[in-house]
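Student: Sequence:
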Amino acid sequence: MIKIGLLERTTYGFGNFGFGIVFQIIGSYLVFFGTSVLQIPAGIIGLAVSLGVVWDAVSDPLMGYVSDHTRSKRFGRRHLYLLIGTVGICVFNILLWTIPVGLSITTKAILLFIYVMMMKTFLTIYSTPYTALGAELSSDYNQRTQIQAMKTIFFLIGVLLAVSFCLLVFFKATPAFPVGQLNPNGYASMAYFASFGMLVSGLVTYFTTRSHIAVLNKQIVKSETKLIQSLVRILKNPNYRAVFLGYLFTNTASGIIGTIGLHVFTYSYLLSSTQIAAIMGTQVVVSILSQGAWAAISARIDKKPSIIIGVAMTIIGCVIILVLTLFRSVVGSFFPYLMFFSVLVGFGMGGLFSIPLSMIADVTDQEALKTGERSEGISFGGLTLGYKLSQSIAIFALGFILQMIKFDPTLTVQSHQTVIMLGLMLPIGGLISFVAAFFAYRTYGLDKSQIVEIQAQLAAQKTV
1345 MIKIGLLERT
1355 TYGFGNFGFG
1365 IVFQIIGSYL
1375 VFFGTSVLQI
1385 PAGIIGLAVS
1395 LGVVWDAVSD
1405 PLMGYVSDHT
1415 RSKRFGRRHL
1425 YLLIGTVGIC
1435 VFNILLWTIP
1445 VGLSITTKAI
1455 LLFIYVMMMK
1465 TFLTIYSTPY
1475 TALGAELSSD
1485 YNQRTQIQAM
1495 KTIFFLIGVL
1505 LAVSFCLLVF
1515 FKATPAFPVG
1525 QLNPNGYASM
1535 AYFASFGMLV
1545 SGLVTYFTTR
1555 SHIAVLNKQI
1565 VKSETKLIQS
1575 LVRILKNPNY
1585 RAVFLGYLFT
1595 NTASGIIGTI
1605 GLHVFTYSYL
1615 LSSTQIAAIM
1625 GTQVVVSILS
1635 QGAWAAISAR
1645 IDKKPSIIIG
1655 VAMTIIGCVI
1665 ILVLTLFRSV
1675 VGSFFPYLMF
1685 FSVLVGFGMG
1695 GLFSIPLSMI
1705 ADVTDQEALK
1715 TGERSEGISF
1725 GGLTLGYKLS
1735 QSIAIFALGF
1745 ILQMIKFDPT
1755 LTVQSHQTVI
1765 MLGLMLPIGG
1775 LISFVAAFFA
1785 YRTYGLDKSQ
1795 IVEIQAQLAA
1805 QKTV
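The opening residue of the sequence shown carries number 1345 in our numbering; numbering runs sequentially from there.
Treat the hints as calculated values from the structure; they're not laboratory data. You may find that some hints are simply not true.
[Unchecked claim] Here are the simulated lysine-lysine pairs, DSSO-like style, with alpha carbons at most 27 angstroms apart: (1) K1648 with K1580; (2) K1516 with K1452; (3) K1714 with K1580; (4) K1792 with K1347; (5) K1580 with K1750; (6) K1792 with K1648; (7) K1452 with K1750; (8) K1347 with K1417; (9) K1347 with K1714; (10) K1792 with K1714.
[Unchecked claim] Quick list of simulated restraints, FRET-style, between CB atoms: (11) P1528 with A1643: 27 to 35 angstroms; (12) V1559 with V1445: 36 to 44 angstroms; (13) I1645 with V1559: 30 to 38 angstroms; (14) L1802 with I1645: 46 to 54 angstroms.
All residues carry an ideal CB built from backbone N, CA and C; glycine is no exception.
Please construct the entire structure, taking both the sequences and the accompanying hints into account.
Tutor: And the structure:
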C-alpha cells in the first residue's frame, strides 16, 4: 500500500493555493470587470467567458489522456505539465487584468477573449495532471480523503484571499471611485498578487513531490486505449457517473454564484465591499475549517452518507436566501442573514469540494481491476469536462439574462425590477443545481469494504 506523510500531503496540497486565487478571481470578478469596468456588453462577455469554459472543459480529458500516456524517466507522467502550466498561468493572468480601459470596445473584447482562452488552456495543463497526481500518491482509503482535504484547504485559502483580501486591499473606495470594485487599477494589483501566489505554490509542489516520480513510474501500465474509448468506458461505470453528475451540478451552482454573486451583493443587497468580503470570507473560512470535520465524518460513516449531508446543507441555505429575497421588503438589512447563510453553506460546501475527488480515486481502483489500466488523468479530466460544460451553458445564459432584466453597467443604482430579478437568480439557480446533485450522489454504490477488497485483488494480480 502506498502512503505519504503529513509534510508531503501539505506540500502537495499547497500547489492548489495559487491555483485557487487565480481560479477564483476569474470566477468572481471577470464578468463584473468586463461589464462594469471595461463596459463590454454583457452578452459579449457571457459569450466569451462561456466559450472559454467550453474549451477548458474539452481540453481537460484531452490533457488527462496526454498526461496518462506521457512516459518520462525525469518528469514522470505529471510533473512537466506542472511547470508549463505554472508559467503560462502567471503570464496570461497579468495580461488579462491589465487590458487598458481606454481601448475601443471591439479591441477590449478581442483581447479579453484571447487572454481568457489562453488562461483556460494553461489552467488545464496545470490542474488536470496535478489532480491526477493527488490520486496516485496514496492507495489508503481514508488517506485519500485526507489528501483531498489538504488540497481543498489550500484551494479555499486561495479563494478566501481572492474574495476577501483582494476586495479589502485592492478595491478600497476612493474619491475617484466611491465604489471600489470599479477601480481598474485594483484589478492590475490583484493580478500581480495572484500570479506571484501561483508561481510560488506551483514550484513548491513540483520540487517537493518529484521524489515520487520513480515509484509512480513503476505503477504505469501500458495502454492502447484511445481518448474517446477511455472516456466512454469510464462513463459506463455507474459509480463514476454518480460522482460525475453530482460534481457537475454542485459546481454549476458554484459557477452561478461566482458569475453573478458580485452583481447581486452590490446591486440587489446594496452591500459595501467590506460587507461582501465578510460574507464571502466567512463562507470560505468555514469551508476550510470544516475539512478536518469532513475527513472524520467520512472515516466514521463513509463517503456517500457524508456527501449527502453536505448537499442537504446547501439546499437549506438556498431556501433561506430565496425566502429573504421574496420578502425583502420586511427583511431590512440582509447582512446578518447572509452571514448565517455563509456559515451553513460554507460547511456543506466544504465536504462537496474534497470528498468527490476521493471517491473518484476509489472508482479508478475499480476500473483498474476491471480493465488492467490506471487512468487517473482521464478520470479527473472527464469529471471536470462535465461540470465545466454545464458551467459554460449557465454563464452564457446568465450574460444574456443580465441584458434581459435590463441590467445597466453605467448605473450605480439599478431599477427595482432588475434588483428583484438579480436577487432571485442566485437562490433559484443554486437550488435547482443542488437538488439535482442530491439525487445523483444517491446512486453511488462503493464503500470502504468494497475498495479494500478491490485493492487486495489488485495487489494479488501484481504478485502473479
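Student: Out of the numbered hints, which ones does the structure contradict?
Tutor: 5, 11, 12, 14
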